[in-house]
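The hints should help you fit chain V onto chain L, whose structure is shown.
These protein sequences, in sequence, are chains L and V.
FYI, the UniProt record's numbering numbers position 162 of the first sequence as 162, with every residue one higher than the one before it.
FYI, the UniProt record's numbering numbers position 34 of the second sequence as 34, with every residue one higher than the one before it.
Only true hints are included.
Since copy identity is lost for identical chains, a pair holds within one copy or between any two.
Derived pair list, reagent style DSSO-like, types lysine-lysine, alpha-carbon separation capped at 27 angstroms:
hint: 1; residue 1: Lys92; residue 2: Lys155
hint: 2; residue 1: Lys18; residue 2: Lys167
hint: 3; residue 1: Lys155; residue 2: Lys18
hint: 4; residue 1: Lys155; residue 2: Lys73
hint: 5; residue 1: Lys44; residue 2: Lys73
Read the hints as simulated data drawn from the structure, not as lab findings.
Next come the chains, spelled out residue by residue.
2 protein chains.
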Amino acid sequence: MASISLQTSLTNNKAEIKVGDEIPVFDFKEDSAGETKPLNLTGKNIIVGLPGAYTTPCNEHVPGYVENFDKFKAKGVENIYIISVNDAFVTKSWKKHLGGDNLHFVADDTGHITSSLGFLFDASGALGSPRSKRYVLVTEGHKVLSIAVEDEVPKVTVTSADSVLAKL
Amino acid sequence: MASISLQTSLTNNKAEIKVGDEIPVFDFKEDSAGETKPLNLTGKNIIVGLPGAYTTPCNEHVPGYVENFDKFKAKGVENIYIISVNDAFVTKSWKKHLGGDNLHFVADDTGHITSSLGFLFDASGALGSPRSKRYVLVTEGHKVLSIAVEDEVPKVTVTSADSVLAKL
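One chain only, chain L, in its complex shape (with noise of 0.2 angstroms):
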């Protein structure tokens, strides 16, 4: 029997990237199960990780993007991604439900992205399998300008909407 299973071992999970690194040109799904395509990332942008679609904690996180996306653009951020290990339908739905049309919802459904950047955490109890952590990167091109991670992966502080729009 072939031996085929998540790719979100965390023993695949690399050092979280720092200030100052670049983030790979990961290949991502959004919005579409069979389609995939390159992140080529220019200007500044915003990258929010999160444990997963339609959890309690997210359902409310995720808000303060779309309402505030005016303001991120007032301060030059071309776009905000949203990224959870996830299958697409799932963001797809998710992005649909929480009226995010304005951000981009990252099917990360074999956690490759969330590994490469290190933030794969154990959610096996709540969720099943590996999942990302709390976070929010705010970038340069594919430059790492700022790093927010939450302690507790449940908190929304310093990666909530208001938190990075009062440092950029």
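Relative to chain L, chain V alone:
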């Protein structure tokens, strides 16, 4: 670094369950990521396995069971369980989205239920991980009375509510 991965490795997949076999008393999650309970089946029950919440075919598959629930009850069915390899936040929101309060949505977040029944398959291309084939079991207590499995996972033919009802 710890080696923790989703438990839905295809190497754990048992042989596909057969008519006359007993379904194991597995622990399952329903509507809550933090609470598990044992599956204790009495009387006639229907178990519907499918690849993923919010996927296009599954969004069309489940409503047949929601809408025809009274017809199943009239034929002596106690409960209908919808099982997918998704976390409980996703299955709970999907249940609400489909208006499926009359069904039980089981979050097989580690894949341990699906693998114990032998129905895991490699869905990593589209969904990032092993998922469940599309199947229906009709049971009396824990004994399997009949099985329907789709040859092609996206299809809903032998596993449709109408097909299953016609054979009860």
